[in-house]
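For the protein sequence lines, the chains are B and C, in the order given. Numbered according to this note's numbering, the first sequence spans residues 3 to 470. Numbered according to this note's numbering, the second sequence spans residues 3 to 470.
Everything labelled a hint here was simulated from the structure, so no lab data went into it. Take the hints with a grain of salt, since some may be wrong.
[Unchecked claim] Derived CB-CB ranges, DEER-like:
| hint | chain 1 | residue 1 | chain 2 | residue 2 | range |
| --- | --- | --- | --- | --- | --- |
| 1 | B | 326 | C | 341 | 25 to 35 Å |
| 2 | C | 169 | B | 255 | 56 to 66 Å |
| 3 | C | 46 | B | 209 | 57 to 67 Å |
| 4 | C | 30 | B | 36 | 44 to 54 Å |
| 5 | B | 348 | C | 383 | 43 to 53 Å |
| 6 | C | 468 | B | 378 | 30 to 40 Å |
| 7 | C | 468 | B | 383 | 20 to 30 Å |
| 8 | C | 96 | B | 140 | 51 to 61 Å |
| 9 | C | 383 | B | 460 | 27 to 37 Å |
| 10 | B | 378 | C | 359 | 22 to 32 Å |
| 11 | C | 210 | B | 101 | 46 to 56 Å |
| 12 | B | 348 | C | 246 | 12 to 22 Å |
[Stated by the list, open to error] Residues from chain C shown here face chain B by an in silico Cβ test under 7 Å; the list is partial:
| hint | residue |
| --- | --- |
| 13 | 373 |
| 14 | 409 |
| 15 | 421 |
| 16 | 424 |
[Claimed, not checked] Here are a few chain B residues that face chain C, going by a calculated C-beta distance under 8 Å:
| hint | residue |
| --- | --- |
| 17 | 337 |
| 18 | 347 |
| 19 | 349 |
| 20 | 351 |
| 21 | 428 |
| 22 | 432 |
| 23 | 440 |
Quick reminder that beta carbons are idealized off the backbone N, C-alpha and C, glycines included.
Number of protein chains: 2
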Amino acid sequence: MNTNETPPARTLPKWVGPVIFLLTAGIIVVLALLAVSIMERRWEAQRPALALKPIAQWEPDNAVWGQNYPREFESYRNTRETGTRTKFGGGPPRDYLDENPRQVLLFAGNPFSKDYKQARGHFHSIADVTGTKRISEKSPGTCWTCKSTDVPRLMADMGVEQFSKTPFAQLKDRVTHSIGCQDCHDPATMNLRITRPALKEAFAAQGRNINEATHQEMRSLVCAQCHVEYYFKDKALLTFPWAKGRGVEDMLAYYDEINFSDYTHAVSKTPMLKAQHPDFEVYSHGIHAYRGVSCSDCHMPYRTEGGVKFTDHHVQSPLLNIANSCAVCHRWGEAEIRQRVESIQTKVAAVKQNAEDALVAAHLDLAAAMQAGVAEADLTGPRQLVRHAQFRWDYVSACNGMGFHAPQECTRILADAINGAQQARLAVARLLAAKGHSAPPKHPDTSTREKAAAIIKAFEAGEKVNLL
Amino acid sequence: MNTNETPPARTLPKWVGPVIFLLTAGIIVVLALLAVSIMERRWEAQRPALALKPIAQWEPDNAVWGQNYPREFESYRNTRETGTRTKFGGGPPRDYLDENPRQVLLFAGNPFSKDYKQARGHFHSIADVTGTKRISEKSPGTCWTCKSTDVPRLMADMGVEQFSKTPFAQLKDRVTHSIGCQDCHDPATMNLRITRPALKEAFAAQGRNINEATHQEMRSLVCAQCHVEYYFKDKALLTFPWAKGRGVEDMLAYYDEINFSDYTHAVSKTPMLKAQHPDFEVYSHGIHAYRGVSCSDCHMPYRTEGGVKFTDHHVQSPLLNIANSCAVCHRWGEAEIRQRVESIQTKVAAVKQNAEDALVAAHLDLAAAMQAGVAEADLTGPRQLVRHAQFRWDYVSACNGMGFHAPQECTRILADAINGAQQARLAVARLLAAKGHSAPPKHPDTSTREKAAAIIKAFEAGEKVNLL
Chain B
3 MNTNETPPAR TLPKWVGPVI FLLTAGIIVV LALLAVSIME RRWEAQRPAL
53 ALKPIAQWEP DNAVWGQNYP REFESYRNTR ETGTRTKFGG GPPRDYLDEN
103 PRQVLLFAGN PFSKDYKQAR GHFHSIADVT GTKRISEKSP GTCWTCKSTD
153 VPRLMADMGV EQFSKTPFAQ LKDRVTHSIG CQDCHDPATM NLRITRPALK
203 EAFAAQGRNI NEATHQEMRS LVCAQCHVEY YFKDKALLTF PWAKGRGVED
253 MLAYYDEINF SDYTHAVSKT PMLKAQHPDF EVYSHGIHAY RGVSCSDCHM
303 PYRTEGGVKF TDHHVQSPLL NIANSCAVCH RWGEAEIRQR VESIQTKVAA
353 VKQNAEDALV AAHLDLAAAM QAGVAEADLT GPRQLVRHAQ FRWDYVSACN
403 GMGFHAPQEC TRILADAING AQQARLAVAR LLAAKGHSAP PKHPDTSTRE
453 KAAAIIKAFE AGEKVNLL
Chain C
3 MNTNETPPAR TLPKWVGPVI FLLTAGIIVV LALLAVSIME RRWEAQRPAL
53 ALKPIAQWEP DNAVWGQNYP REFESYRNTR ETGTRTKFGG GPPRDYLDEN
103 PRQVLLFAGN PFSKDYKQAR GHFHSIADVT GTKRISEKSP GTCWTCKSTD
153 VPRLMADMGV EQFSKTPFAQ LKDRVTHSIG CQDCHDPATM NLRITRPALK
203 EAFAAQGRNI NEATHQEMRS LVCAQCHVEY YFKDKALLTF PWAKGRGVED
253 MLAYYDEINF SDYTHAVSKT PMLKAQHPDF EVYSHGIHAY RGVSCSDCHM
303 PYRTEGGVKF TDHHVQSPLL NIANSCAVCH RWGEAEIRQR VESIQTKVAA
353 VKQNAEDALV AAHLDLAAAM QAGVAEADLT GPRQLVRHAQ FRWDYVSACN
403 GMGFHAPQEC TRILADAING AQQARLAVAR LLAAKGHSAP PKHPDTSTRE
453 KAAAIIKAFE AGEKVNLL
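Turn these sequences into a full structure, and let the hints steer you where they fit.
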């Protein structure tokens, strides 16, 4: 037994030590670079929060907000692009009166009969509201409500009622910034907030408190400040006719109860309702709303730039951005998604056109009955049918999306519009018959915008347009 | 230094060895039991294939097939349950004529005006086809086509044409087995197969080969052998009017081209079309078909018993089995699913009823025009409108599902039905006016089944029903 029994140490080759050292060093360098990259991306994502400059309470200038939020601002600025056509290709906004002269006659007696172009992006709101023929010297300040980030400040300064009753033209110098950040965001926290009182009041009228809305609901409700049906109470106060509900029948009951009409039809003398753009109400009846998809999810989808995820503020038709909107949930090809949407819209458009044909004929038939000397009292029933039928049609027609937001609901409403307009025509035919007129009234040629406008002008001037 | 330096061996307690042995044995036993269970379940799943008894080529008796496939047979046998009501609660099949006397008048001159009950399950097909008043001594053998597993054999024996032209009553003794296995399955392979020639011919007429259908497509196509629109070519040959397409306009164009009508309306003398039950055509226009969901996926969902997965052959409304059908894809509560389906159906039902009201009135208005002495030639136009309008309505109304299978398409079709019926009424009102009748025709009371039937009887007897 001796210590020599310990076996000799097995020595490694001399090059092993340096190689392990270098390998370890290399791995450390790579990991460090990765860590730096991660930190950079985090920093990039957090930079705005770190570099925030305070924004004044009523700051109307989107560019000032844009210093803190350049991506949101730059994408918002893209709303100046006017490529809003989808199915019908690119080009300038559509002129609905050129495309579809029926609408010239349907709105006879209302400014929409003279100027009805496809809406452009939010960027153009000041230019468009000051350029439209639908605004006149008699228009109230209310018409500014949805058009500018200057409005919350003016409402705070003047009070809502005073703001609304001030003539439109008098406010022109103080309203200069288009729709933007201030309309939907709290400048201190960037939380979404409701800046227009009509929506809050409409919620209150339904016994609901809008302050309890979730963030996801707010991603639709900020849009619902403006993309809704409304009327001017006492000729100025912006009011949503929601007290009985948001369906088309609810609104008709509301308007009938207060005996409201927007205009008297120049041809048929019917007390008409002009639907505005009940996008939010129609959307509420559809499957996307049912599944909790907000307006913003489709019209302002998320994007990433580098390490930053942000909301694309280029509000537009999802059909112009299918990959980032529809296709996030619907994993089909873009062409298939487009085809699917357009097949729904094509069906709505066909029923809508049938409603228009029936309504145009009903207005002209009513005018013929007046020429035939039918008593006014006998025309009340048919006129009420036309009033309801046209509001139903307009509830669908005036909206964006050609019924896509609630296909069955919109088709159902248009079916009722057709039914009402045809019932009015039948009643008028019998009234005409009682006056000895069995032949169909002679409808003048209103097949172009110019011809339709000329006929309306003759009616308004009290000239004889022989319909019998 | 001595050998005592070796440390004493550390001995384990004596009980350790037996415990390890027992634990190991226990684990082996448990694993063996698990293996046996797995083997049993596999065997259970494969047993049918192992124990198959040959089934004769034309075997009509479902019970014989059931010896090989007891689960499928037993679930099929549940189709004898008549709880087919959904929205309206349980109970016997609905009698549509009692519930909705408008249909008595709409089908005046057709057997559906006298006997129109809700369909019962496949188990009852022989009892129901021999019990209905819609089958008469003049009915051809064709009326057996969709009712029995004896039919494939008879068609093979007699030839399709001879089978179809043989009077219904003459075949009664040879057709005794209700709809079942033979109708959809190859007895040798159990593969799905098409046994009725009309569907194959309809595919061929569209330039398609049904033998190229996938298994998933076959899970709808076996249903499409019968749940379709059809007519009797040369008064006996079952034919689908699909040559121009499966849409309602395609079928109208087809029927107009061959100048076909099912019956002449007893009140309005309109050459009418009776839609059968174009369930497959309507389904083809809906979202479920678009996403590749077959009839069987919802109406015959998969089930498991022990280790065996099988198709539930209790064909029924998914609303009676929401958890296994709808809820497999739509992960909502059953009450919510039901509410969602019924809200769609309620909207369709409302538009459908408006179409019925317009159509009933149109038939009576046409009868009034005849009484007023309006020339037959002048009635051709209004009658064509009514013919088309009522087929549109019936295309939706005659189907199962109250439009649920394609909500927008059905609502669109009903809108067109309303439009056509009202246009007919307007034209007739002017014809009546030209004969000096300006007041609305006096429509008799047809508000109950009995009252409607009495009026029709008077018309058929040539009695004077004063409408002017």
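How the hints compare with the structure:
{"no.": "1", "hint": "B:326 <-> C:341: 25 to 35 Å", "verdict": "holds, 33 Å"}
{"no.": "2", "hint": "C:169 <-> B:255: 56 to 66 Å", "verdict": "holds, 59 Å"}
{"no.": "3", "hint": "C:46 <-> B:209: 57 to 67 Å", "verdict": "holds, 59 Å"}
{"no.": "4", "hint": "C:30 <-> B:36: 44 to 54 Å", "verdict": "holds, 49 Å"}
{"no.": "5", "hint": "B:348 <-> C:383: 43 to 53 Å", "verdict": "violated, 28 Å"}
{"no.": "6", "hint": "C:468 <-> B:378: 30 to 40 Å", "verdict": "holds, 33 Å"}
{"no.": "7", "hint": "C:468 <-> B:383: 20 to 30 Å", "verdict": "holds, 26 Å"}
{"no.": "8", "hint": "C:96 <-> B:140: 51 to 61 Å", "verdict": "holds, 59 Å"}
{"no.": "9", "hint": "C:383 <-> B:460: 27 to 37 Å", "verdict": "holds, 32 Å"}
{"no.": "10", "hint": "B:378 <-> C:359: 22 to 32 Å", "verdict": "holds, 28 Å"}
{"no.": "11", "hint": "C:210 <-> B:101: 46 to 56 Å", "verdict": "violated, 38 Å"}
{"no.": "12", "hint": "B:348 <-> C:246: 12 to 22 Å", "verdict": "holds, 19 Å"}
{"no.": "13", "hint": "373", "verdict": "violated, 16 Å"}
{"no.": "14", "hint": "409", "verdict": "holds, 4 Å"}
{"no.": "15", "hint": "421", "verdict": "holds, 5 Å"}
{"no.": "16", "hint": "424", "verdict": "holds, 3 Å"}
{"no.": "17", "hint": "337", "verdict": "violated, 15 Å"}
{"no.": "18", "hint": "347", "verdict": "violated, 11 Å"}
{"no.": "19", "hint": "349", "verdict": "holds, 5 Å"}
{"no.": "20", "hint": "351", "verdict": "violated, 11 Å"}
{"no.": "21", "hint": "428", "verdict": "holds, 5 Å"}
{"no.": "22", "hint": "432", "verdict": "holds, 6 Å"}
{"no.": "23", "hint": "440", "verdict": "holds, 3 Å"}
Consistency with the previously given hints fails for numbers 5, 11, 13, 17, 18 and 20, ordered from lowest to highest.
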